[in-house]
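Peer 1: Listed here are the chains, written in short residue letters.
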Amino acid sequence: MTVDEMVGKPEWRSILESLPVIKRFFEGDPDSHGINALMRGMSIYLEKLVDNLERENPAVWYNLGFNSELIYALDGGAAALPIEALGVMHNLLGDIKISMDFIDTAQAEGVPSDCCSADKLAIGTLHRGLYPKPACTVGINTPCDSQVMATQVMAEMSDAPFFVVDVPYYHNDETVRQVAAQLEELIPFLEENTGRRIDFDRLREVCELSNKMTENIWEWLEWRKNTPLAQSSKLVAFTLILQILFAGTQEGVDITEGLKREALERTERGERFFEERVRAVWYQDPVWTDMQMYDWFEHELGLTVPIDVFGYYANEGLIDTSTRETMIYGLARKIANCHPMARQFRSNIDVYIRDFMHMLESWNADCCIFAGHIACKHAWGGIGLFKEACRRADVPLLVFEFDMFDPRITSYDDVYFEVDRFVNEIVYPRKLRAGKAG
Amino acid sequence: MVDDVINEVNAKIRSYTNEHVTEWKNSGRPVIGYFCHYMPAELILAAGALPLRLRGAGSEDSSAGDAFMSGRVCTYVRHVMSLAVEGDYDFLDGEICLNTCDHVRRAADLFVKKTNIPFHGFISLPRNPRESLYGNLLKELRNLRVALQDHFGVEITDDRLREAIIALNRNRRLLTEINNMRKEDKPKLSGAESLSVHIASQVLPPDVFAGIAERLIKELKDRPGLDSPRGRLVMLGAELDEPDYVAVIESQGALVVADLLCFGQRSVLDPIDENTDDPLDAIGRAYFFRPSCARMIGDFPARWDNLNRIVSDARADGVIFTRLLFCDPWGAEQHNLLHRAKKGNTFPVLTLTKEYGIVPTGQLRTRVQAFLEKIEIARAKRDAVGGAV
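Heads up: the protein sequence lines correspond to chains A and B, in order.
Counting from 1, one number per residue, gives the positions in the first sequence under this note's numbering.
Counting from 1, one number per residue, gives the positions in the second sequence under this note's numbering.
These are calculated hints, taken from the structure and not from any lab test.
All values derive from a computational prediction rather than experimental measurement.
Keep in mind that a hint or two might mislead.
[Said to hold, decoys possible] The calculated label-pair distances, taken between Cβ atoms and stated as ranges, are:
no., chain 1, residue 1, chain 2, residue 2, range
1, B, Ser251, A, Glu17, 55 to 63 Å
2, B, Ala11, A, Gly129, 51 to 59 Å
3, A, Arg430, B, Asp90, 36 to 44 Å
4, B, His151, A, Glu184, 33 to 41 Å
Glycine residues also receive a C-beta, built at the ideal position from the N, C-alpha and C atoms.
Make a model of the complete structure from these sequences and hints.
Peer 2: Set out below in structure tokens:
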């Protein structure tokens, strides 16, 4: 498939044509540094992707538990392609009907309907031949069994060499060391299959950019602790996408600068167009199919989401760039202990509950909204213990089922109804009773 | 009579426990439960404990498990955990979970927090069976060995490990002999009978099972072979410990002549070296590099080759793939299996999604009938042209 053939396909054309329009639309609000930076970053990612393919640089496919630094450190350039990318872009920027078509394609090709729609998006894309053939693929077992599925199918469909990164169960230093040892194996694999070298001076530059992005994220999230929340709720979930797609790039730094600057300026100005009545930790999955839903929550219910599980980025330190070994160790720690979802989902339920309690307290939230993506079995499997933990901590909890990438499972109306009732009948009256409202 | 032995076996596997477990306990020896066939049973046996494969057999509903795990977790795990949180598994002196899948990981949490079982072990099993990751598993096994020793006050010496290897190898050889009888032109036992026997091998004390298996083999030699007028099938899938389910499939005139089920033939390893200097390493290698299940990433090509070999050896006409609802690893396997079968035009495949503890007789019969008709039509076409379709 040539680059022209690829970008000529309607599934790509629709994104490439709609992105500039959306970008211009948001540029109408000069204060929206975050979303504007995101749009610019996405444009640059797509331009670089096309440029890499035009130059016949190798493509590397990977799945959403992996971070992009090592691919960006390959000299001479390589296209970093998370297999979920196109499907997710259609949810956010393009045509949701195309996303649903990807899901349907995956199911028609044998993926069971009860499996995760994030994987079905990816698998549908692979079946439609929408990505350039990779030089090699990297599959990681985090954050959950769904990713195990995605990687198995990626390996089968790519017809390219496949490297597996296995993140062990435990949340300790030994786990990080074991992942680091595998990244040491991955480097020659990438070099051999892409024909590119990882130059360690270049890796240092990439790690420094990655660190800068991480520092920006931490600072940005600090500003979101302010009450009332001054920045849009919907932006917080993007940390995950940043780490998958932009870790180690200038675009990642620029996007997070924009997010941070916007949060800072809006907080300092203290302006909001609605009254914040309730703050929630959105635990589990964002409503990617309609991020405008968060605007509705804010304006109609006075509900803000200062933090969610996709947005929270644990502070376990930066990548130490002093030696090759320290850099590899730092990258491994990011993947195992910091990457949203991978941190909370791969181990025992204690990590999951502990992080929630930390978010609740640090971001000064009133309640928890457990938005249960139907295919997140690790989360549903722990729901009883999570409910008990919330009950012990006296935290109001809303639990509902939906699909984060497929609006046909639970209607928007049903989600609105559940959240509306929870805020207006439970959480806000409770705050009033406690004298904490208004 | 073969039927007498099979009836005896079926009585022993009807429930999640059996009288031999009780006898074992009554003799003052511990019992340790485990979910996954990647758990090296030798390690438990060498600690003086009885390894008992966890099952939901006899569980009438999963509501206690559902309360903690929701309805989005597979029914096998929910039934087991329902029994566990209700206290039915409190007779266990320990349980050992692996990070087999998301469902079992959450079961491990519940075992620790919601049961009275005194010992909890865990093994982080790497997801890819390559040499460079094997060392990580070996460390886990060493840690577990120490934890078992400390808790149960026994020394798990190399000699005890070798004794455990010998005890389980004996049963492996017996099961292999039984499985070979299934491959004959007129198989000596049905797939349902075979599954019962394999389940028994994982819930009975090894010597008790060996006695039963030896009697069965003797009886089978005198049994006339069974007819399979409509076809010979291989069954593939994960946790299926319900012989009735296989019996319904076979009731339509086919025989399951081989399987790759977690409770079935896939649970049978090749014999492990009994004279090795480092028995723990030999055990670890045997389990880690065994024919893998779908939770192992990057090993599908090997699984595909293994399946083809088994289909060919058993001269099977088709493959029935079963998957428990909500299982992601086997969801990927279903996709890849169908993809390869279609691309290579290899063998017919029927995919079935099931719930644990329920045999949907009418629906299952209809699906299997249609599948067998498809096989028969293909066979008739092949015969008509005198070659491969």
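Peer 1: Are the hints correct? Go through all of them and say.
Peer 2: Comparing the hints with the structure gives:
1. B/Ser251 <-> A/Glu17: 55 to 63 Å: For B/Ser251 and A/Glu17 the Cβ distance comes to about 58 Å; the hint holds.
2. B/Ala11 <-> A/Gly129: 51 to 59 Å: holds, 55 Å
3. A/Arg430 <-> B/Asp90: 36 to 44 Å: Since the Cβ atoms of A/Arg430 and B/Asp90 sit about 39 Å apart, the hinted range of 36 to 44 Å holds.
4. B/His151 <-> A/Glu184: 33 to 41 Å: holds, 36 Å
Every hint, counting from the list given before, is met by this structure.
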